[in-house]
Amino acid sequence: MSEPSPKDPALAEDADSEPRPGRVRKPIGWSTIIIAALVAVSAGLVWRRDGADGVLDILTHDLSLFGGILPRVLAGCLLGAFISEILPHEKVSRALGPKSGLKGLLIGTAFGAILPGGPFTAYPVASALLAVGADFGATIAMVVSWTLIGYGRAVAWEIPIMGTDFTLWRIVISLPLPVLAGALGRFVYVRLFIRSLP
Amino acid sequence: MSAALLIDILLWGSVFGVGLIAFRRGPSVFKASLREGSMDFINIVPRIALGVIGSGYIAAIIPQEVISGWLGPDSGWLGVATAVIAGAATPGGPVIGFSIGTVALKSGGGVPQVVAYVVAWALFAFQRVILWEIPFMPARFVWFRCAVSLPFPFVAAAIAMVIGKP
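Same order as they appear, the protein sequences are chains D and Y. Residue numbers in the first sequence follow my numbering, run continuously in steps of one, and reach 198 at the last position. Residue numbers in the second sequence follow my numbering, run continuously in steps of one, and reach 364 at the last position.
FYI, nobody ran anything at the bench for these hints, they're computed from the structure. Here the structure is a predicted model, which means the values were calculated and not measured. Even glycine gets a Cβ: it sits at the ideal position worked out from N, Cα and C. It is possible that part of the hints are untrue.
Claimed, not checked - Selected chain Y positions facing chain D (in silico; Cβ < 7 Å): (1) Ser-231; (2) Phe-239; (3) Ile-256; (4) Ala-258; (5) Phe-296; (6) Ile-332; (7) Ala-358.
Let's have the full structure, built from the sequences with the hints guiding it.
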């Protein structure tokens, strides 16, 4: 099995149609504008209900939350940057790319399940994987696996609140879902965004 | 809190580990990724700020009682569908999400419906999507991921119906 050459038509097309997501970000997109509008309306409703004190209470509470989160966000960003630097692009696109098959979805699932930390690690790392050649399918498998069968939230929150029996049972039920979600994602993506494959 | 401390140790330990690997590839590789990570951080801070402060206000106008009211002992697929919407609309962090699930279980909610609620909350809780997923991931990916995940709370409920209670 030889190394896939950079001139491989499928890879080249992928590179052309995908402007390396994740690394290049617009500062303000539609999502940000919609969220800002939603926040403004909600803050207005809180102001009408609770007055300026209510608005200030939430603001001070959330600002202290924000301060606590910031170091973890920095750690997540650094983790994502280092991972995208040390993972070889070719190997990632072979292991997790559009042609990686069931194995790629399983690797994504396993990776999501063992990833330490919370959302401040999962999303920067997922974004880094996208940037170094993982496809939407494998990345969806990773994100869904992190959220449904990752041990972090289960150990810290779900077992203490919902009980061990329910949590383990819920995780067993969720086991097939990341691979299924990734497969569905890949299936839809190919038909939706890549129309003209030779 | 010890769980938070453990998370921080694991997190910074991982950063240190991959940083070391990058450093072994050469100081220039290390410096480049350090700069890239810091730039990502600086770019993302305004959006995280909007997410943290914003979701506080959104959570304040969607009170918890409204959500738990939707999770009555309504069985069947209509109950599952309601549970999915409730999971997506649940404000706040994991404590609130799982507490609502526990209350629903104890007050006679169906097990498949509670499973659908917990899975939907894990997949779509609006606060996590707004606060974490959209700032870090390409928006196109986030919408696509949410759309593709839509059937799976229902799949989980179906599996729960087939294999029975815990």
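Outcome of the hint check:
{"no.": "1", "hint": "Ser-231", "verdict": "holds (4 Å)"}
{"no.": "2", "hint": "Phe-239", "verdict": "holds (4 Å)"}
{"no.": "3", "hint": "Ile-256", "verdict": "holds (5 Å)"}
{"no.": "4", "hint": "Ala-258", "verdict": "holds (5 Å)"}
{"no.": "5", "hint": "Phe-296", "verdict": "holds (4 Å)"}
{"no.": "6", "hint": "Ile-332", "verdict": "holds (5 Å)"}
{"no.": "7", "hint": "Ala-358", "verdict": "holds (6 Å)"}
In this structure, none of the earlier numbered hints is contradicted; all agree with it.
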